[in-house]
Amino acid sequence: MAATGSNDVPRPIAGLIFVLFWAIAIVLWCFVGSFTGHATRGFVADIGIVFASVGLIAPAIMTKSGFLTAMILSLIAVALFAFAGYLELTGLVYGLRLLVPFIALLTPLNKLLNGIKIFA
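Numbering (our numbering), first residue to last: 1 to 120.
Hints were generated in silico from the structure; no laboratory data involved.
Hints should not be assumed to be uniformly reliable.
[Said to hold, decoys possible] Computed Cβ-Cβ distance ranges for the label pairs, DEER-style:
1. His-38 with Arg-11: 37 to 45 Å
2. Glu-88 with Lys-64: 15 to 23 Å
3. Ile-103 with Asp-8: 38 to 46 Å
4. Ile-13 with Leu-92: 32 to 40 Å
[Unchecked claim] Straight-line distance between alpha carbons at most 20 Å, and here's what the computed SDA-like set of lysine to any residue pairs gives:
5. Lys-111 with Asp-8
6. Lys-64 with Leu-80
7. Lys-64 with Asp-8
8. Lys-111 with Leu-56
9. Lys-64 with Leu-106
10. Lys-64 with Val-19
11. Lys-111 with Ile-17
12. Lys-111 with Phe-67
13. Lys-64 with Val-27
14. Lys-111 with Arg-11
15. Lys-64 with Trp-29
16. Lys-111 with Leu-73
17. Lys-111 with Gly-15
18. Lys-111 with Met-62
19. Lys-111 with Ala-14
20. Lys-111 with Gly-55
21. Lys-64 with Gly-95
22. Lys-111 with Val-9
23. Lys-64 with Leu-20
24. Lys-111 with Pro-101
25. Lys-64 with Ile-26
26. Lys-64 with Pro-108
C-beta: ideal position from N, C-alpha, C; glycine also.
Based on the sequences and whatever the hints tell you, model everything.
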């Protein structure tokens, strides 16, 4: 077994984050119908998208600074979803709904292809 640096994230922790964040996303999506108001329902679904996206990239991020960057960007995404959703900026909401999972999908693909590291 190779020695890992102190900045590396243990694989079991990354796997736990993957499972936990996907479970949170699924629970949020299941309870969307119980909320009143279209803005709140959309916001809860959008938070689920953010959790699922961070869960998707968790096994691909190898460093603690990468996790910190991902968490900061996810908080920014939640704030943008709240801002755009409650002000009914539909174009921004749909743009974020496309952009957040797309960036999350690029991270494991770049790791596979040994390309540019997004959350390095």
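Structure-based check of all given hints:
At about 41 Å, the CB distance of His-38 to Arg-11 agrees with the hint of 37 to 45 Å. Taking 15 to 23 Å as the suggested C-beta distance range, the pair Glu-88 and Lys-64 does not conform, at roughly 38 Å. Distance hint check for Ile-103 and Asp-8: the Cβ-Cβ separation is about 22 Å, which falls outside the suggested range of 38 to 46 Å. A hinted range of 32 to 40 Å holds for the C-beta pair Ile-13 and Leu-92, which are about 33 Å apart.
Simply put, Lys-111 and Asp-8 have alpha-carbon atoms about 15 Å apart, close enough for the 20 Å limit, and the pair holds. For the suggested pair Lys-64 and Leu-80, the alpha carbons sit about 24 Å apart, so the restraint of at most 20 Å is broken. A C-alpha spacing of about 6 Å is found between Lys-64 and Asp-8, which places the hinted pair at or below 20 Å, so the restraint holds. At most 20 Å may separate the alpha-carbon atoms for a hinted pair to count; Lys-111 and Leu-56 meet this at roughly 13 Å.
Of the supplied pair hints, the one linking Lys-64 and Leu-106 holds, its CA atoms being roughly 19 Å apart against a limit of 20 Å. Restraint check for Lys-64 and Val-19: satisfied, since their Cα atoms lie roughly 18 Å apart, inside the 20 Å limit. This hinted pair checks out: Lys-111 and Ile-17 have alpha carbons roughly 18 Å apart, not beyond 20 Å. Distance hint between Lys-111 and Phe-67 is fulfilled; the C-alpha atoms sit about 15 Å from each other, no more than 20 Å.
A distance of roughly 27 Å separates the Cα atoms of Lys-64 and Val-27; the hinted pair therefore is violated under the 20 Å criterion. Restraint check for Lys-111 and Arg-11: satisfied, since their Cα atoms lie roughly 15 Å apart, inside the 20 Å limit. Distance check on the hinted pair: Lys-64 and Trp-29 sit about 28 Å apart at the alpha-carbon level, beyond 20 Å; violated. A C-alpha spacing of about 19 Å is found between Lys-111 and Leu-73, which places the hinted pair at or below 20 Å, so the restraint holds.
With a C-alpha separation of about 16 Å, the suggested pairing of Lys-111 with Gly-15 holds against the 20 Å cut-off. With a CA separation close to 10 Å, the supplied pair Lys-111 and Met-62 stays within the 20 Å bound. Straight-line distance between C-alpha atoms of Lys-111 and Ala-14 comes to about 15 Å, which keeps the hinted pair within the 20 Å bound. Straight-line distance between C-alpha atoms of Lys-111 and Gly-55 comes to about 15 Å, which keeps the hinted pair within the 20 Å bound.
A distance of roughly 28 Å separates the Cα atoms of Lys-64 and Gly-95; the hinted pair therefore is violated under the 20 Å criterion. Under the criterion of a C-alpha separation no larger than 20 Å, the hint pairing Lys-111 with Val-9 is consistent with the structure, at around 15 Å. Only pairs whose Cα atoms come within 20 Å are accepted, and Lys-64 paired with Leu-20 is accepted, the gap being roughly 18 Å. Among the hinted pairs, Lys-111 with Pro-101 is consistent with the structure: their alpha-carbon atoms are about 16 Å apart, no more than 20 Å.
A threshold of 20 Å between alpha carbons decides the hint, and for Lys-64 with Ile-26 the separation of about 26 Å lies outside it, so the pair is violated. Proximity of Lys-64 to Pro-108 is assessed by CA-CA distance (about 16 Å); at most 20 Å being required, the pair is judged to hold.
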